[in-house]
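Protein sequence lines, in the order shown, are assigned to chains A and B. According to my numbering, numbering within the first sequence proceeds without interruption in unit steps and concludes at 1699. According to my numbering, numbering within the second sequence proceeds without interruption in unit steps and concludes at 1658.
Since the hints were made in silico from the structure, they are not lab data. Fair warning: this is a prediction, and the values are worked out from it, not measured in the lab. Beta carbons are placed, not taken as given, at the ideal position from N, Cα and C, and that holds for glycine. Fair warning: there could be bad hints in the mix.
[What the hints assert, rightly or not] Derived BS3-like pairs (lysine-lysine); straight-line CA-CA distance at most 30 Å:
| hint | chain 1 | residue 1 | chain 2 | residue 2 |
| --- | --- | --- | --- | --- |
| 1 | A | 1626 | A | 1556 |
| 2 | B | 1596 | A | 1610 |
| 3 | A | 1679 | A | 1616 |
| 4 | A | 1537 | A | 1616 |
| 5 | B | 1596 | A | 1616 |
| 6 | B | 1485 | A | 1610 |
| 7 | B | 1511 | B | 1485 |
| 8 | A | 1692 | A | 1610 |
| 9 | A | 1679 | A | 1610 |
[Unchecked claim] Here are some, though not all, of the chain B residues that point toward chain A, as calculated from beta-carbon distances under 7 Å:
| hint | residue |
| --- | --- |
| 10 | 1482 |
| 11 | 1607 |
| 12 | 1608 |
| 13 | 1617 |
| 14 | 1626 |
| 15 | 1631 |
| 16 | 1633 |
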Amino acid sequence: MPDFFHKRLERPVVRGQIPRQPARIMVSPSNTLHTAYDSKIEGNVIVTRVDAAINWMRKHSLWPMPMGLACCAIELMATASSRFDISRFGMEVMRFSPRQADVLIVSGTVTYKMALAVKRIWDQMPEPKWCVAMGACASSGGMYRSYAVLQGIDRLIPVDVYISGCPPRPEALIEGLMKLQKKIEGEESTLAQKKVFFEENA
Amino acid sequence: MAAQEDVKRLCETLGKGVVGTVEFRGEHTLNVSLPTLHDALKKCREDLGYEMIIDLSSLDHFGDDPRFEVVYELATVDDSKHLRIKAKVSEDEEVPTATDLWPGADWHEREIYDMMGIRFSGHPHLKRILMWEGYPFYPLRKDFPLAGRPSEMPDVASTGVAPLEGGPFVTTAGATDTVRREPRAHVVE
């Protein structure tokens, strides 16, 4: 151990007192509770299911594709910036290329003219992917009951989380994304793959 | 008022082309027939000093014989004069473009073509500005339901009918009272 490390563990020297030796924790073979205990790897190994591990990794690194179409996009920007800060959830990596994103946040009014562009971006995103309909317009057309507006993005692409509000506050968006994390937690992707594999080879 | 004198001068020079004039609270409106419309606009631009076209819009008098009406809002840059020129257009007529006088009329005319279906002859680039090329309807016409009509154009766009749940206010032109003009729900055949 380098010398400075020992010095840091020492107590401050009070005048007139003899400095005591720093306390050291020793791990010796006689201290182990189990003979199979390997101190070199134990503590770095977790036993779990593959799905649980994959879901844990996925849910903590959601890369959003911001589909900002109206005022909801302003709230989305606020959510991404320092005050609300979605990097606390590992979602700060906004990608403006659908190839690098896995959450499509549809924030705003989807007009019919824009609808197929949104669909195309969704199709370009690689699996696994999720979709968040942010706000009233993206969820149901909102107040735009008219010839020009698609009445909810779920008519075109599958939506995982709907967020109410016009526009929703950043807290609501964060809540929605946390709901999405909850949803990802419960997914059984490898189990489903295994099922398909056995069905095909039966 | 300077605009008042301009109206007088336009009436003298255009003669029978002027259908009527209206003055309301200092606002001057000149109703002209469609063949004299471009002459009137040209005079305003070149002789009377209206350098600016503030707006160009259209009306749908559904049920009347010349069905549409185009409205030009003209002004001078120093805002000393303001003049409105109107002309009635029937469904099969074309309006001469004003883009040769004011380049700013370009997008206004495209919007009128897009929303109302009035065509402008001589326009350099008359295509839809809000809806996509190939959309079969003109949405701001009175006989077009607010909920929309289904249309299908694979690879470009498709539209459906919006649920109106009893309906917002849909206006009917030419009705006698407000209740009939703006019914709570408008039944579309």
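We went through each hint and held it up to the structure:
1. Distance hint between residue 1626 of chain A and residue 1556 of chain A is fulfilled; the C-alpha atoms sit about 11 Å from each other, no more than 30 Å.
2. The hinted pair formed by residue 1596 of chain B and residue 1610 of chain A meets the criterion: a straight-line CA distance of about 15 Å does not exceed 30 Å.
3. In summary, the hint linking residue 1679 of chain A to residue 1616 of chain A is supported, as the alpha carbons are separated by about 25 Å, within the 30 Å threshold.
4. Annotation: proposed proximity of residue 1537 of chain A to residue 1616 of chain A is violated, straight-line Cα distance about 51 Å (limit 30 Å).
5. Under the criterion of a C-alpha separation no larger than 30 Å, the hint pairing residue 1596 of chain B with residue 1616 of chain A is consistent with the structure, at around 25 Å.
6. At most 30 Å may separate the alpha-carbon atoms for a hinted pair to count; residue 1485 of chain B and residue 1610 of chain A exceed this at roughly 45 Å.
7. About 17 Å separates the Cα atoms of residue 1511 of chain B and residue 1485 of chain B, which keeps this hinted pair within 30 Å; it holds.
8. Proposed proximity of residue 1692 of chain A and residue 1610 of chain A is contradicted: the alpha carbons are some 40 Å apart, above 30 Å.
9. The hinted pair formed by residue 1679 of chain A and residue 1610 of chain A fails the criterion: a straight-line CA distance of about 34 Å is larger than 30 Å.
10. Because the closest C-beta pair between residue 1482 of chain B and chain A is about 43 Å apart, greater than 7 Å, the hint is violated.
11. Annotation: interface hint on residue 1607 of chain B violated; nearest CB of chain A at approximately 11 Å, more than 7 Å.
12. A least Cβ separation of about 5 Å between residue 1608 of chain B and chain A falls short of the 7 Å threshold, and the interface hint therefore holds.
13. The closest approach between the C-beta of residue 1617 of chain B and any C-beta of chain A is roughly 3 Å, which is under the 7 Å cut-off, so the hint is satisfied.
14. A hinted interface residue such as residue 1626 of chain B counts as satisfied when its beta carbon comes closer than 7 Å to some beta carbon of chain A; here the least separation is about 5 Å, so the hint holds.
15. For the restraint placing residue 1631 of chain B at the interface with chain A, the shortest Cβ-Cβ distance is roughly 4 Å, inside the 7 Å limit, so the hint holds.
16. Nearest Cβ of chain A to the Cβ of residue 1633 of chain B: about 5 Å, under the 7 Å cut. The hint holds.
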